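Take these sequences, add in the hints, and give me the full structure.
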Amino acid sequence: MKVLVAEDDFVSRKIMTRLLENEGYEVFSASNGEEAWNVIEREDVRLVISDWIMPELDGLALCRRLRKANLQKYVYVIIVTAKNHTEDLIKGLEAGADDFIYKPINKAELLVKLKVGRRIIELESELFEKNKELLKANELLTKMSLTDSLMDIGNRRYFHHYMEKTHASYKRHGTPYCIAMVDIDNFKSYNDTYGHNEGDSVLRLVGKAIKSTVRMDDEVFRYGGEEVVIVFSNQKLKGGLKASERVRRNIENLAIKHEGNKPFGVVTVSIGVAATGGSESKELPWEEILKEADAAVYKAKRSGKNRVCAMAPGLFEVVEKRMPL
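The sequence shown runs 1 to 325 under the working numbering.
No lab work stands behind these hints, which were simulated from the structure alone.
Nothing here was measured: the structure is a model prediction, and the numbers come from that model.
Ideal Cβ positions, reconstructed from N, Cα and C, are used throughout, including at glycine.
Don't take every hint at face value.
Stated by the list, open to error - Derived DSSO-like pairs (lysine-lysine); straight-line CA-CA distance at most 27 Å: (1) K83 - K103; (2) K208 - K301; (3) K68 - K132.
Said to hold, decoys possible - Just the calculated beta-carbon pair ranges, DEER-fashion: (4) E94 - S125: 20 to 28 Å; (5) R215 - K136: 24 to 32 Å; (6) R157 - K136: 17 to 25 Å; (7) R157 - L111: 30 to 38 Å; (8) P104 - E129: 35 to 43 Å; (9) R64 - L111: 21 to 29 Å; (10) A137 - I53: 45 to 53 Å; (11) G174 - K211: 26 to 34 Å; (12) T142 - K103: 29 to 37 Å.
Printed below as a string of structure tokens:
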């Protein structure tokens, strides 16, 4: 374990350094508080033996700087002093010292205090590692609670949480967004014909295709069954329609056989798109935009499936699948 000896007296510093090296410690030394601080910043020092009175930066000022620095790992500090009044000890503890040893230093006492400090450091390190493991486990649990395990995209719970934040940002800053509702055409027929295991495989492939098509800033969620919602961030309706068409085309290009999906013969999707726009939409909840996207999906289904539609009066009311990209 690395130990720092901060002592302005050369002889005392050398005696302590030799003693600790003989005990197997890796020892660094400093003649004042500033030098000591430089060593602490540079080396992974866990134990500090510091004289109270030193030039430039004394032992208590060094303690205060250590505690304010909020280092990742705890540094145990023993202050060396001739002061033995209660008020002095209180002052030292308030500065952040962990223990004291009085001058003249008793070697056996110093070694015992270092063993105590080392035991505390080891326990703190063990606790630190367990906390890291716990944080990782909590992060994994959080991710699992917000992710659809089959399609490996956000679930409906995460969608609602995300939309609250996204719509709030739109209302505050005017950042537009589009919602695209994606529905796999004739999916019940696919399950009936090929079985639910194959149906699950299709869902995974569709989810993967959508994720690989959208931008990093866009989010994808499983809304329910064979329905997927895409939120295109910072995107107006025209951009959302073009992005949705790329999604539609890439899924069709997977060429997954689906004889019940006539006249296409492969798995396809119908997509409905709706977007924020106009000052009046800021007063509407995001659920209304979702309803428009859902209505657009039904329009796409009634218009022949395998296409992108939008529900916006006078603007791209129906967008055919051959829409230019």
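CB-CB spacing for I53 and A137 relative to the 45 to 53 Å hint: Given range 45 to 53 Å: holds, Cβ gap about 47 Å.
With respect to the beta-carbon atoms only, verify the hint that T142 and K103 lie 29 to 37 Å apart. This hint is violated: roughly 53 Å between Cβ atoms.
Pairwise beta carbon distance, R64 to L111, judged against the given window 21 to 29 Å: holds, 27 Å
Return holds or violated for the Cβ distance of E94 and S125 against the range 20 to 28 Å. holds, 25 Å
Assess, step by step, whether the Cα of K68 is no farther than 27 Å from the Cα of K132, and give holds or violated. This hinted pair holds, its Cα atoms lying about 22 Å apart.
Per the hint of 17 to 25 Å, is the separation of the Cβ atoms of R157 and K136 within bounds? holds, 22 Å
Range hint compliance [Cβ, G174 to K211, 26 to 34 Å]: holds, 28 Å
27 Å limit on alpha-carbon distance, applied to hinted pair K83 and K103: Cα-Cα ~9 Å, so holds.
Confirm or reject the claim that R157 and L111 have a C-beta distance inside 30 to 38 Å. Violated: the Cβ-Cβ distance is about 57 Å, outside 30 to 38 Å.
Look at the Cβ atoms of P104 and E129 and judge whether their distance stays inside 35 to 43 Å. About 39 Å separates the Cβ atoms of P104 and E129, which means 35 to 43 Å holds.
Are the Cα atoms of K208 and K301 separated by 27 Å or less? Holds, because 23 Å separates the two Cα atoms, which is no more than 27 Å.
Distance restraint hint 24 to 32 Å, applied to the beta-carbon atoms of R215 and K136: Holds, at about 28 Å.
Violation of the numbered hints given earlier is confined to hints 7 and 12; the remaining hints are satisfied by the structure.
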